[in-house]
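Here the structure of chain A is known, so what remains is to put chain B in place on it, guided by the hints.
From first to last, the protein sequence lines stand for chains A and B. My numbering puts the first residue of the first sequence at 24, with every later residue one more than the last. My numbering puts the first residue of the second sequence at 24, with every later residue one more than the last.
Take every hint as true, because none was put in to throw you off.
Some residues of chain A that are not near chain B, with every Cβ distance over 10 Å (derived): (1) D50; (2) Q171; (3) A264.
In silico lysine to any residue, SDA-like type, Cα no more than 20 Å apart, as pairs: (4) B:K245 <-> B:G53; (5) B:K351 <-> A:G207; (6) A:K275 <-> A:E334; (7) A:K351 <-> A:R340; (8) A:K351 <-> B:G207; (9) B:K275 <-> B:R326.
The set of hints was computed from the structure by calculation and includes no laboratory data. Ideal placement from N, C-alpha and C gives every residue a C-beta, glycine not left out.
2 protein chains.
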Amino acid sequence: MSNPILVEVTRGGLVESRHRGAIVAIDGDGNTVFEMGDVEAAVFPRSACKAMQALPLIESGAADSYGFGNKELALACSSHNGEEAHVALAEHMLARAGKTVEALECGAHWSSQQPVLISQSRSFERPTALHNNCSGKHAGFVCACCHQDIDPAGYVNYDHPLQQTIRDVMEDLTGASLGQDNCGTDGCSIPSYAIPLKSLALGFARMGTGTGLAPIRAVASKRLFDACMAEPFYVAGTGRACTRLMQIDPGKIFCKTGAEGVFVAFLPHMGIAMAVKSDDGAGRAAEAIIAASLARFFEKHDRIYDALMAEADRPLRNWNGIHVGDVKVTDALRQ
Amino acid sequence: MSNPILVEVTRGGLVESRHRGAIVAIDGDGNTVFEMGDVEAAVFPRSACKAMQALPLIESGAADSYGFGNKELALACSSHNGEEAHVALAEHMLARAGKTVEALECGAHWSSQQPVLISQSRSFERPTALHNNCSGKHAGFVCACCHQDIDPAGYVNYDHPLQQTIRDVMEDLTGASLGQDNCGTDGCSIPSYAIPLKSLALGFARMGTGTGLAPIRAVASKRLFDACMAEPFYVAGTGRACTRLMQIDPGKIFCKTGAEGVFVAFLPHMGIAMAVKSDDGAGRAAEAIIAASLARFFEKHDRIYDALMAEADRPLRNWNGIHVGDVKVTDALRQ
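This is chain A alone, in the form it adopts within the complex (with noise of 0.2 Å):
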């Protein structure tokens, strides 16, 4: 079985590429609300699950410890485009805990982003780990180890206290079995599970509704949406998808992507969450699709609706400015 062609990138009217993939939105009583392709499939949820991972933050006390509030919450959530802003509140929340740069075992890498890459090879000879686009996730891990007295030493790996932790976490949310079977190493070095989509889009739509969790998880949960859709910036950074979605209309959409075409999304409005895999790991398909299945809950041609098109459709323009074509939604994901 193939999934079906969400998305299509065109050149002078004719159809270029060809994206697939794989979409489901779900409530959190777990009721399909819409499916496309196989949603049963296993995906690597990558930094698209960013938001459960960091619920040991909350949960063990050290944010409210440390005094953590909306920006460092949001950026323990985010994949960030390591801009000064970014660097300086991670470098400050291990400052909180007691410790450096040193303690972060995520590497080293430049900012994906090119204005920002060329702003940082102006400003340094090169990156540390903190402008690693994990680096406030790991910054939050450092600190949710220190404050429950646990040696962060080693916290990527998949037998450290740290990651058992949200192992549990996680098959709780999701309902989908962890273990070194479905475990895979993420480019920062802590262990990603491939589970089904639909478990994925559960667990969102379980954090973001609070159903069937233990009241303590479902306080923190809404705590981290909060705080992401408050403060969209420390998700992402300037130009990319996460920021300008949440950017729409403030409170309305909780977003996330994750490399390899992965993106969740929950709906406070409808209590609805969706996730989305594009088959052949491409970013532009997923933003595509993530945007045009977030419109279907909104009235068709209100500012929301059409924002969220905008981003489902977009021209693309040449080195001289010219449109010479555009990434779009196929039919299948128009209303």
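Frame of chain A; chain B shown alone:
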């Protein structure tokens, strides 16, 4: 009908992403050696057909008149990194025709290669059209015009005499009809024509073998392929697939990538050309497919075969250098 999955991206032993595509290998007489997927479907060759577009530079006498050797001809066929040597040579080509960067109509952009971009951003404020990956092709266009006393102004436009000539050349080589109906605009603003993948491969088989071509065109084609194989750095640059593949055993492989997952190649010892399109436009897929397809024409486990298969199956390492997965061709592409 959907094209077969030709490339898989794994993580922790599980498949994370999948790339579908089509590949055809053909000889100069039009006999198909092997094919997978829909090879009659039209694709935009994009930069993969730059060697075709460079023929007027030689056939007009401009290349000889301006004293262009292998490096200049390779650059005329290139999608280069914008490294210093590329930029200097493009400027030199223009100077031979009495022109400067002002004559280029391709637009400007930073290098797509991160190490080059970092170096560029530390050396100058913003890139010029000379840094555009297509500047060698465009310099060749300007030279072809100037040598023939054709005003190069507007040389990127569909109706300019140069583009009319290129259209005739490409129709002659591929047997496909090119016109407004199948024309789009490329990244560098010149016309790009959607043609069947098989016709694209046939055009390169004819260029490589000379079969069915006027003598002047056969000679010019061989000269361009030989130039690219002699100077692979000038066809792409540091760290690029085209350059690596042509460096494996100089003179044994001609190849050229194009945007949105296109790749073409010619094997002089077999007289066979091939063309690849990954459905989703992923370069990583096109690179793996072309490498594995080229490997079929060498003895299993000789040095060239092994080097090609090392391009077809590539480890993925994370920011800490850990081997987290692989990009690899599926069994369909293995001998």
